[in-house]
Each structure stands twice: as C-alpha cells, then as structure tokens.
Amino acid sequence: MEKFLRRLGKTGVTFICRLGELSLFIGRALYNCMTPPFYFKLLGRQFLDIGFYSLPVVALTTIFAGMVIALQTYSGFSSYGAESAVAAVVLISVTRELAPVFCGLMVAGRIGAAMAAEIGTMRVTEQIDALTTLSTNPFKYLVTPRILAGIIVLPLLVIVGDIIGIFGGYVVSIYQLDFNPANYINSTIDELQTIDIVTGLIKGAVFGFIISLMGCYNGYKSRGGAQGVGEATTNAVVTSSILILIFNYIITGMLFTK
Amino acid sequence: MTENKIEIRGLHKAFGKKKVLDGVDIDVKKGESLVVIGGSGTGKSVLIKCIQGILTPDSGSIKIDDVDITQISHKEAEQSYAKMGMLFQGAALFDSLKVWENVAFGLIENQKMPRREAKTEAIRVLRQVGLAPDVADLSPSELSGGMQKRVGLARAIATKPEIIFFDEPTTGLDPIMSDVINDLIIESVKGIGATALTITHDMASARKIADKIAMLYKGKIIWQGTVKEMDKTDNPYVKQFIKGSSQGPISVEV
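From first to last, the protein sequence lines are chains A and B. Heads up, the working numbering is the position in the first sequence plus 341, with the first residue counted as 1. Heads up, the working numbering is the position in the second sequence plus 5, with the first residue counted as 1.
No incorrect hints appear here.
Calculated lysine-lysine pairs in the DSSO-like style (CA-CA distance at most 27 Å, straight line):
hint, chain 1, residue 1, chain 2, residue 2
1, A, Lys562, B, Lys80
2, A, Lys351, B, Lys22
3, B, Lys22, A, Lys562
4, B, Lys165, A, Lys481
5, A, Lys481, B, Lys117
6, B, Lys24, A, Lys562
In short, the hints are calculated from the structure, not lab data.
Chain B with its partners taken away, still in its complex shape (with noise of 0.2 Å):
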C-alpha cells in the first residue's frame, strides 16, 4: 500500500486529431491538496473529468487507492468515483430543486438518509460554508454568485467525499470573495481530512490552497513543486505563467 491517493501513468487522450492530454504522470498523497495549474484550453478539465470517470481516457492508468479504475468496469469504478466530490466552475447546481436538496443529493439518492435528517445535515453544512439557515429554502438562482459557489461547495463535501475536485472555484468572484472561497476550501477539506485536486488558473488562489504546484502544457506535466519552489524555479514556462507575461516561450495560439 503506497501512501498515493492518486496515482496516474501516461495517460492520453485526443478528441479527433488533437491531443489534449499527452502523458500526464500525477501523484497526490492522502491528504495532500495539489493545483494543477495551466492556461485556458490545456486540458486541465478534461484531466479531472478522466479521473472521475465522465471521459475515458485513451490510455494509461489512473489509480485511486491502489485500485486501476480504467482497467476495471464501469460498475466496480462505482465504489471509487463515491468517494469523490466536485466543486463546478458555474457551480452546476440543480436548479430544479432547492438550496438544501442540493446539499443534501448525495445523502438521499445514495446514502439513503431519510429526508428529515438530510435537511438537518444540509443546514449544518451550510452553516460550515457561512451561509444562513434560511437560504435552504431557496432556489439556486435567487442566489449571487459567491453563494451559488458556496452551496457547490456544501453539496461537494456533504458526502464526506475521500477526494474533492475544484474546477477554478475562483473565477467570476470578486478578490475577497476569492479569498474566502479559499479559505472555506481549506476548512472545509482540512475539516474533512480529504485529499483536493484543483485546477485554477488564478495564482493567488493557488498559492493560497496549495500543498503542491504542477503545471500543465501541452499535455504533460512539465513542472512541479511546492509553492517556495514554485517562486524560485528557472523554468522559463512556470516563470511566465506566474508572472501573467505575454513574452517567453508559451505562445498563446489565437
């Protein structure tokens, strides 16, 4: 048993005749929060999308736990993607069912809970997101942006998922809002003692919740490390993409 939560070997994957993905190598410890950080159209999405099942990928191997979900099938992967969460970019959230049915999904579709109890649990993960009790009964579209996030992120973790995904949980939101995104990302995956995977292109947001740095381009991984690593690398690439300069050698195709 390796400590690796995530394991993933030369995985590829092309849509026609353009490679998204071209050997990507990752591990994530347990526990770890790792950014998987790139510019826009690198495949980032697709890459977690592969990991949770929703794309095959054309070949290599992911493992979750020891376990190779992609040589196994759909129905025993099932038992790996539960233990996953996702926050969504837009948030993605139900909007033909309310604030709590939102949260609670995944406790009564899957865990069977009976409704009482889940609301109650839905109300109480609100609250860890700093949202009021009274939002539960709202539709997901009376609500701003920053609390549509913060319900996605309540629905992610109310599961009490192993491994929670977020798809750049920065962009839209003002920088404080950002910020306390950030920080409710923290407590909330410290709290539950999950493994995070997240893609974000936002720099301060990355700097802020992660353990570990890699860098996505052309469809490989071509750097990684911590975040003081991160400001003293030589890599030309890392160096351009956080400093957010249109000169040096990532050329962005128009």
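Okay, chain A solo, but in the shape it has when bound (with noise of 0.2 Å):
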C-alpha cells in the first residue's frame, strides 16, 4: 500500500514538475516572439519546411476525406431523399472539422517529429551550447522562428485543404453520384458562412503553436544521447496529435455552442 502511495505520489510530483516547466518554456518562447533580434531568414526557411513542402501531404489527405464525406452522406441520406445536402455537409465538415484535424495531424507527425529530432541532436551533440558561446539566444535561434511560423502557416495550410477537401467532394459528386456540377457548387456557395473559414484559421493557428511547442520543447529537454533523441520525437508526436484532438473538441464547442 505505502509502495503504491509512494509511486502515484512520484508520478504526480514528476507530472506538475514537467507542467511547470512545460508553462516557463511557453512564457520564454512567447517573450522571445516579441523582442528583437528577429532572424527572418530562419523563418523563411521554416515557412517553406512546414508550409510549402506539407503541401502534398495534406492535399492527399483533405481529398480523400472530401471524397469519403460525399459517398457517406449520399448513402446516408439518400434513403430520406435528402441527397441535396451532400454539398453543404461536404462544406461544413470539411472546413470545421476534417480539413484543420488532418493539416494538423500530418503537420505533427512530418513537423513535429523532425522538429524534435533536429533540436533534440542539437542538444545532445552541445550544438545549443555551443549557440551560446557564440552570443547568439538558442531560443530565438531555434524556437521563435519555429513555433512564428507554426502559427502563421497552419491557417493557411488549412484555407488550402479546405478547398481542396471540397473539391475532392465535388468531383465524387459530380462524376460518381451524378450531381448537377453547377447546382452543386451554387448550394456550396450558398451555404458558406464566415464562421466555416474562421473557425479553420482558428484552429489551425492553434494547432500549429502546438505543434512547434511540442517539438521544441521535447527536443529542447532531451537528454541522453540517441535513445533520449528517439523518446523526445515519440513524445512531440504522440503528446501533439493528442493535444490537437482535445483542443479541436474544445474550439468547437467554444464556437458552436451557445
């Protein structure tokens, strides 16, 4: 019984000691955001990595998903007779939930993981260290321009797979269910509000700050050579994609309950 006690209580103690020092990084990352020197050039380069190149990746994904929406909602709902609202359920799940959740997800596992690994190196080989002695902030060397570009390029990773997730659903409708193509886009036009787009930026800037904390900061605390470089990019992973499904649930029910 003592030795249960004992375990839970060193369990608990390790888990508000991470969460301590989990709050300081974010305080450190964020003060650094906004005080100069600022390296536009790392930011750049960041831009492209987690921006440009995850460009395939969440296109095949948000087209797939746009697809599948379509054939389920046709079949669903054919039996009520109500198969003109495959444009609008297309619309609505894509853009508030399925286009933002996948850019998110991939973004963890192809970003979040290099991220990770790339910093968690660093560390273990003093590479931080070595930033140091050379005057130069390894926060705002590494993770400023990191998590400034998660925040700013998700949202726009996201408006893509948005268009892309319905155009996946149009041409399911079109050329497999044998829709009307200028119907089809007329009630999707219809039935767009500003709220659609708004809760995908919303969402993906939220996501993409979780997504480069979570890698800098794993990879910032690793320890202990190859093996420490190898937990630190499960646990940006793991501990990103998690974090992503909560918090996508909670922005929903921020927006669309009332």
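Dock the two chains into a complex; use the hints.
What follows is the structure in structure tokens.
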C-alpha cells in the first residue's frame, strides 16, 4: 500500500514538474517572439519546411476526406431523399473539422517529429551550448522561428485543405453520384458562412502553436544520446496529436454551442 | 584593477543532492593558460558551463575583468559572454551549416559582418588551423574527427575572444593528431593574446599547453601550480592522477 502511494505521489510530482517546466518554456517562447533580434531568414526557411513542403500530404489527406464524406453522406441521406444536402455536409465537415484536424495531424507527424529530432540532436551534441558561447540566444535562433512559422503557416494550410477537400467532394458528387455541377457549386456557395473559414483559421493557428511547441519543447529538453532523441521525437508526435484532438473539441465547443 | 582575468570564489553547484562543485576558488591571470585536470565526473564541465552562463551556480562569485557576472542580469552579463569562445569536446559544429558558415557564425550574427567579407575571414582562420580553403564549402559531417576539431578551434578563435575554453580538446584523437591540436591551441591562443582555460584528463596535453595546472577533486581545487611543481609535488592525489594508477587515495566510484 505504501509503495503504491509512493509511486502515485512520484508520478504526480513529476507531472506537476513537467507542467511547470512547460509553462516556463511557453512564457520564454512568447517573450522571445516579441523582442528583437529577429531571424527573418530562419523564419522563411521554416515557412518553406512547415508550409510549402507539407502541401502534398495535406492535399492528399483532405481530398480523400472530402471524397469519402460525399460518398458516405449520399449513402446515408439518399434513403430520406435528402441528397441535396451532400454539398452542405461536405462543406461544413471539411471546413470546420476535417481540414484543420487532418492538416494538424499530418504536420504533427511530419514537422513535429523533425523539429524534436533536430533540436534534440543539437542538444545532445552540445550544439545548443555552442550557440550560447557564440553569444546567440538559442531560444531565438531555434524555438522562436519555428513557433511563429507554425502559428502563421498552419491556417494557410487549412485554407488550402478546405479548398481541396471541397473539391474532392465535388469530384465524387459529379462523376460518381451524377449531381449537376452548377447546382452543386451554387449550393456550396449558398451554404458558405464566414464562421466556417474562421473556425479553420483559429484551429490552424492553435494547432500550429501546439505542434511547434511540442516539437521544440521535447527536443530542447531531451537528454542522453540517441535514445533520448528517439523518445523526444515520439513524445512530440504523440502529445501534439492528442492535444490537437482535445483542443479541436474545445474550440468547436466554444464556437458552436450557444 | 587586478591582473586576474577570471577570478572565482567559493563556487557551489549541486544537482539535486549531488554536490558537483563544493567551493571552487580559481584565479586565471590575463594571457595565462590554466589547465584544470581531474577524473571523469568531477565537475570540470560544470565549472566552465557556470563561467559561460550556461548553468547558474548556487552560490559564489565569478568575476570576469572585475565584474561579478553572478550579480548582474543576464542581459548585462552578455557583454562578458561575448568575450568568450569555446572549443567543445565533440566540436559541436552546426551540421545544418557549411564549414565556413560555422567559422563565420559569430562574425555574421553578432559582429554583423557582411557575408562575403566573413567568408574571406573564415577561410583565413581555417588556413591558420591548417585547413585548405576547399574545406570551407563542405558540410561538417564530411570531415574527420581531427578536422572537425580544427574547425571547432577556428570557430572559437574567429571572433578573437579574450577568453577561450577548451573542453577536452584531445579526447578521441590519436596521439599525433592530439599533439597537432595542442600546437594549434598554443599558437592560436598566443596569436590573439587570449586567456585560456582548458579542462582535460590527458596529461600529455596538459603538460604541453599549461602555464599553470589545477586539480579538481570532489568539487574542490585540491592543488595548483606549474608543470614543474606538479612533477615534484608530494600531494598523493596529484601523484596518483599523473601516474594514472588505480592505487591511491582517489577511489573510483563504480
């Protein structure tokens, strides 16, 4: 019994320590985002890495998501004679949920892991200390550009995902389900509300922050050689994926329940 | 104004219950080369990390040019940190940058030197450490261990720091390459008139580059003096260490 309580206490204390460490990390990251010097060149490189090179995976995942939603909605709704709702359902589910979540998860796997591995390796090979000895703030040089790029780029990716996802729904509806193209496009535009786009943007920014934060935090705190870096990479992907799904629910709850 | 470049008094640092530094006192005069010897895990690395502001000591004072950097804010201390350079044990080159960008890093990021000028300067420093100009455009992973050390040394001296730290500069190198690096260290340190603080457990290297040697044991400096004094001392700890014997007062914790 005592052993059990001890273990419980230790886990609790470790958890709280981690939480405190993470809060300090967030504070430091945000502070450094707002104070000079800024490394615009590094920021630009992160835009490319996180944004541009993620376009293929985002396009592929969202187009199939849009396609499958069109199929599934049709098969479900046609028995009620409500086929005309397909365009609206595709629009709402892609813009509000699927595009942001798929973008988030794909980028978490692609970029979160890479960030943790790169920064973690720099940590264990003393490259981060080397930055300090060259009078360069490692936080500003490594963490800030990644977090800023995450917050800025993810919403843009979500917009791209929105368009491609809706296009996927369109393709299936027109070529497989024999909808009238003009009608389909008209009903999509009629149903489109500002909130659909805004939701995606907000979620994108939050997810981008989570991905970069988890990648950088886990990499920055990694210890003990190759194994430590491996752990950091796993943790970065797992925690950011879970947090993305949790925050997706929270944001939807805040925006759509009255 | 004293002539001490670095003056450390009563430096303490503990990690959890483990006391790593337990009241270290060290003076390094301007232009002098001090070598701190000691076994693995005696806190040598922690000592230089404290001086460089990578770790914050628990108590004690560290004066650089008579300014106690533990008493001022990190921002104010940056001026002192800018005077320092360091050669890391594993060279710690930035593998996302080319060799010349590594060497020119401090020049470009802090001294705001234009890139083209910085490259010329980097190639000049590379030549100084015995590397051909065509190495400049390679990436660090394409270099051998000895070459990486040379690039690390070039990066450390490129900004012409007043204090240079060497963290086990010869570890992992063959004896001949070690000697080459030792020569380069002496040359480059004297060349820019810098003060040097080296930590090592390689006695051959220590003998060669040291003006003064200090031995760190159980978080304290237990002996210091010149190389000649070291050979004559009857301090049992120092004797055991330079002989490299497992018999003596120093017990190895396994």
